[in-house]
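Protein chains: 4
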Amino acid sequence: MIDRYSLSPMKELWTLNAQYQRWFEVELAVIEAYEEVGIAPRGTARTIRRKVRINVPAILEIEKGTHHDVVAFVKHVVTQLGSEGRFFHFGLTSSDVVDTALSMALRRSCRLILEQLEELLQVLWNLALRYRNTITVGRTHGVHAEPTSFGLKVLGWYAMMMRNRDRLERALEDVSFGKISGAVGNYAHVDPKVERIALEKLSLRPIPVSTQIVPRDVHAAFVQTLALLGSSVETLAVEIRHLQRTEVLEVEEAFKEGQRGSSAMPHKRNPILSERLCGLSRLLRSYALVALENVPLWHERDISHSSAERFIFPDATGVAYYILVTLKHLVEELKVNKETMRQNLDITGGLIYSQRVLNTLIGSGMDRETAYKIVQELSKRAWESGENFYHLVTSDPRITSVIDSEELAELFNPEYYLRNIDRIYNRFKEVGGCEE
Amino acid sequence: MIDRYSLSPMKELWTLNAQYQRWFEVELAVIEAYEEVGIAPRGTARTIRRKVRINVPAILEIEKGTHHDVVAFVKHVVTQLGSEGRFFHFGLTSSDVVDTALSMALRRSCRLILEQLEELLQVLWNLALRYRNTITVGRTHGVHAEPTSFGLKVLGWYAMMMRNRDRLERALEDVSFGKISGAVGNYAHVDPKVERIALEKLSLRPIPVSTQIVPRDVHAAFVQTLALLGSSVETLAVEIRHLQRTEVLEVEEAFKEGQRGSSAMPHKRNPILSERLCGLSRLLRSYALVALENVPLWHERDISHSSAERFIFPDATGVAYYILVTLKHLVEELKVNKETMRQNLDITGGLIYSQRVLNTLIGSGMDRETAYKIVQELSKRAWESGENFYHLVTSDPRITSVIDSEELAELFNPEYYLRNIDRIYNRFKEVGGCEE
Amino acid sequence: MIDRYSLSPMKELWTLNAQYQRWFEVELAVIEAYEEVGIAPRGTARTIRRKVRINVPAILEIEKGTHHDVVAFVKHVVTQLGSEGRFFHFGLTSSDVVDTALSMALRRSCRLILEQLEELLQVLWNLALRYRNTITVGRTHGVHAEPTSFGLKVLGWYAMMMRNRDRLERALEDVSFGKISGAVGNYAHVDPKVERIALEKLSLRPIPVSTQIVPRDVHAAFVQTLALLGSSVETLAVEIRHLQRTEVLEVEEAFKEGQRGSSAMPHKRNPILSERLCGLSRLLRSYALVALENVPLWHERDISHSSAERFIFPDATGVAYYILVTLKHLVEELKVNKETMRQNLDITGGLIYSQRVLNTLIGSGMDRETAYKIVQELSKRAWESGENFYHLVTSDPRITSVIDSEELAELFNPEYYLRNIDRIYNRFKEVGGCEE
Amino acid sequence: MIDRYSLSPMKELWTLNAQYQRWFEVELAVIEAYEEVGIAPRGTARTIRRKVRINVPAILEIEKGTHHDVVAFVKHVVTQLGSEGRFFHFGLTSSDVVDTALSMALRRSCRLILEQLEELLQVLWNLALRYRNTITVGRTHGVHAEPTSFGLKVLGWYAMMMRNRDRLERALEDVSFGKISGAVGNYAHVDPKVERIALEKLSLRPIPVSTQIVPRDVHAAFVQTLALLGSSVETLAVEIRHLQRTEVLEVEEAFKEGQRGSSAMPHKRNPILSERLCGLSRLLRSYALVALENVPLWHERDISHSSAERFIFPDATGVAYYILVTLKHLVEELKVNKETMRQNLDITGGLIYSQRVLNTLIGSGMDRETAYKIVQELSKRAWESGENFYHLVTSDPRITSVIDSEELAELFNPEYYLRNIDRIYNRFKEVGGCEE
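Chains as they are written, first to last, in the numbering used here: chain A, 184 to 619; chain B, 184 to 619; chain C, 184 to 619; chain D, 184 to 619.
Any given hint could be a false lead.
Heads up, the list lumps identical chains together, so a pair's fine if it works in one copy or across two of them.
[To be verified] Taking lysine-lysine and the DSS-like style, the derived pairs with C-alpha atoms no more than 25 angstroms apart in a straight line are:
hint, residue 1, residue 2
1, Lys247, Lys556
2, Lys521, Lys376
3, Lys563, Lys234
4, Lys563, Lys439
5, Lys521, Lys511
6, Lys376, Lys563
7, Lys521, Lys439
8, Lys194, Lys376
9, Lys556, Lys194
10, Lys234, Lys511
11, Lys563, Lys194
12, Lys234, Lys521
13, Lys511, Lys376
14, Lys612, Lys247
15, Lys556, Lys511
16, Lys518, Lys384
Keep in mind the hints are simulated off the structure, nothing from the lab. In this text the structure is predicted, and so the values were computed from the model without any measurement.
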């Protein structure tokens, strides 16, 4: 993870010091289990905790000789101990410690991400409520389609993020597995009871079958969830970038006092946060690939996943955290230009109401093909000549003969398109936080 | 999907004919809803169903003019109808039909995949039971580590596939959403009640907020699940390829009467199914990427996802189905060479028991560093000189002075490593199907 | 490759029939080499060519028994032969035939793609020339930046596609390698001279070191080139989609007589080709991944790449071909709205000229920071109040005191920004096809 | 890039300090060009270089206010200058500086990688020469195929790395483009001559058409090259992992004095470097994806690529550099067990010579189908019963009636398979460094 996008407390989670502390916690939990089952004398873990100081540079120094990080860690600890040192790492394989500690880190990272997601959900909900009845044009293919509500657009983001919350909550469950089952996962040197007790102390569950490690499909599922979260964040970011383009300008990212959009063009105000979110979401997609390639390891494990994971776990969780924090601030401070939305609504001269005209013609008994042709013909004329579509419609006898002028006028009323909005909002009533 | 790997009934699911049939079902469900809410006369849907014959080439012919597949489909149907044609596609936008029908197809494909996964689970479980107590060497880094049970290895596959079943069952829930909400998702022309009734008839639920389409995070989650399933299948396939290599030869894929392993080398028996599964799992990973890139569409939808989905949905579901069927057969007919497993166990001359020696030395009161050095020294000698490790251990006074010869002999008993196997199996008791 | 996007002659290249024909050509080339070196009697190849009819269903029928496609193919041929059949496939391993034939197919596909790329280059060049002096606004971050020429934008596409042509021409060289070197690449049964002669007849070169197959880095490089071509096509497609959005509308894809943009909204004209190109480019990216994963095969080859290649080679070349053909038509028929470009240029009220004001202030001796602050302040006011930037600039004494009014007016002349355009175009003079 | 795998001098290339120094060099090159064309007084660049000290923390402090890194950098420099400050960054847009400096960094990184690749090529060549005539079994599908030479295997790696060198040399050319062409690439404020002079001083060429930036297909091509390099490295690493597995043990990574293979199993010697290389190659593949997604930017540039590039450029070049250095050491110190190779050659009891028997039967006039069936039948018996294939062949009258016993014995001579090896090596004679 690069400094520029590292945020506390996620940042601290992935330091070497934090890692060694987690390893130490796992080792102690096992010793406490040993105490319970009568292998180690009562108080051993407590004594060890009291005597030991984890010193990162000292461990790295030892590793230069051992070429094995856990061996170096154990050496570092044991040299600070007396006879109780015999119980430290006793019966364990490195991966019992490393992989269980990794689950602790991933679970914690997942919780931090969930916390930010909750905050994001709240600001999205607030935004959706505030603009529930703000009319804006809905666009498909980048082309004006029909009127809709800006709040509904935001509510769609909210709903998407709710799904991501569900996925992350499952992921949290799914990464909460540890293993203290030995070199090939068969409890050759440690009783399953020791695993159960130790993991319980760490609030983890034993993975039903391990090899030397927790199988990597578990981790891949988590990274996939982050990738999908990223692509969802990108959905919002792309929308904001579109809405901030000069010709549209319906929303703007906050522009800070003193901020400069360009070293050359003093007038520039760019949606740089949204653009950044798009770039970072690409990274999240790529990490998912690596995590998937890490799944099919050889036999009872090969260690090829390890080097890759040293990059992708800090980066994937760090980036996911960063984009949620950034998006939350962006949404909170988003400037929404209701007037511009209303002006943009009208630039097609009424073409966006063409389906209502079509449906009303059909509803009046005209067959679908005839109706479609009439409306398409007028649309085409309006499009190509710049004539106002409403005028064309209200002057065409094929239409005026079946729809009276009052009804026709009503067909061009944008409010009509919002009449079912509340029923969509009501689907989220139970969510809470909803005050109008 | 290419013919070579297309299997029924998955294959039929993705034909154009099946697609149009699904579209027709969606249109009819909406008309039935119209009947219920009083928009269309009772019996309209029944009449339409009776009158209409879906003709694929005829639709394709119309599409050449319209450049729009749904418009062509609707034209094709309406020309077969009388006045009831007014209600066909009335108030709908193309995506109401296309996307809802897509959910029907994805759900069905997911069920087909789940069925095969169930069958695979059963054969894995049987295999795991049959070889529960078959001793084999556990390998880490490709290097002999410690004895374990071949059944346990299989049980690990079983457990991994159980997790995939859970993921697919969630995915099944997650893709069971349709939408009949109009051009920009705000029910401008169709009442939410119509959507509710129509989708209920199709056993789908309304997605809480739609745009013109069902948001693509939903579909991406499904394709991700297939990608992870693929990487899990690859895990098994890689293991089988390893175990079938000439020097190991602990298992073999069935070799059919008349089959030829090579056009040049008449002796060859290759794990070609497992190799094929590895190649196909790469495809599944790649589809997940496409599905993720399809998420951040513009505004209320752009159609860029559509062309890509024409490839990845049939291919991803088709490949997932194919690999499960293939793996099931492979596992069912797998030849397991217990004697070779036992022979391979001994090729290190007892080195695989080094940790037991180490632990027993520590258990006897020796400090960890000293014990490790003694055992590593003897291991090194055995490794480099080819001397038998057991002989070295039983001749070293540093060891024999603290462990008596009977206990030493017991340390080299592979059965010891299986003593906790049953407790792992017991974790799956509730699964059922477990009969020995 | 799916029918919908399959175009001739690329489509025919990947039929089973074409594949068997290529296999047959490779076998015959080897026999001709055998004739030259005296292993087979003169005329053997000619006789075989005369006697044999390749029958696809017959081969597939045999394969059901052999479970090996080349063995089936050889059987099919040999049964049509007399004693000369002894020389057919003599000394060869399947991959000698399959991989050499694959190179023939890839080379041919690469040439087909290059042909389309040449045509695309021509239409891009024509477009770039036609709009060389058409003023439009340049946009960065989606926000108006400075005036530029629409032709220059197109010239950038042209230059990018020139780079892709260079890459494809290298790729063409790189895939033009065959191998007739036996089961493990050491010419155990065939003399290197036979390989040289046979490949020369097929216009291929021997790969310097083969295993059983041509190493897969060669193929991966080709697929990577297609992926980059795809992302380049996407660059153009994204731009067109942006320029066709309702608020911008500076270009439009051709809209055919009878075409329907939407089943519901008769007014819609959507950039559907460009959207399709974006979707398809995602596929090309994903194939590159698969091709990369296919590189690290086991030992002298494993066959895991084969199943994946059955998908990705037809699909990657087929999609690449399709997108070039589609883009060429799109560009040829693109409607360019010069007037709209000019109108859009002015919607910021002159803000796009801010850098010229800034530079002129600095040029007049003002220090950079002071100048930036003045211009940013006026820009901000213009932006927020809607006041015209030109009026603000020409009314500010800090500016008017150092720049006279005539010079100020000239600073807001868009023509100024095009004065170096010709010098960029001139860089491509040598390219040819350039007629004004 | 994480510390653990960061190596000098690649590591220093990507520090913030080095980046600012490059920016400074670009700015000075432009000012020198200004001096040449008469815009700035002679000596301006020299004065600025003398006066300015780049201070990273000071720049970061300013950036907190500007939210724009180049603006902060320029401020930092200008405050150290007098009136000559007017010429600093004059007429430039941020990307002129940033993107040109980026090309400097990428070119430098590419050269560093090429240097390591050259060294790797040398050690591979040496290894290939040393074991040119060392007989080992060639394996396909993981199954023994035919005898070959270990040196030839290495020569295949060498040839693959030669191709990667070619690709990197092209890539070096391809990233050596800068741009000083202003906000939208049309030289609005800077004459093309200034660009030409400035870039020449930096040993870069002007990209023929730029937007605000150098188009990202250029960068993607470079990252793709690194990804393919990674997959090639993985090819070697996978092979070494296979050859070091306990049952094969034909090669071993060096095991250092004091090194520990496992915290639990004192006997373990694992191919951990090769495993690490496999993991890291996955990362390289994933970066290529991000680079491809960075290509289709909006209009004259959007900045979404920037955040992603802050990760992938240091990581991709850093990892590529690391894996080459690591692989070079690994190969240099690789322990090759010729005796084990010879022993493994025989474990199939002669089956690996089956094709020679087949070909000799066909050569003697027997038809292919009959010959194949005889040899396959004997192979099958040998395989299933464990009987020696040579004995079976020499006892079968169908064979002995057409091949005499001396010739038969010769068919089982592994040396035969090496008789064309030298002709393969000779293809590389011109490479140099080849001395035996």
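Return the numbers of the hints above that this structure violates; sort them in rising order.
-> 2, 3, 6, 8, 9, 10, 11, 12, 13, 14, 15 and 16
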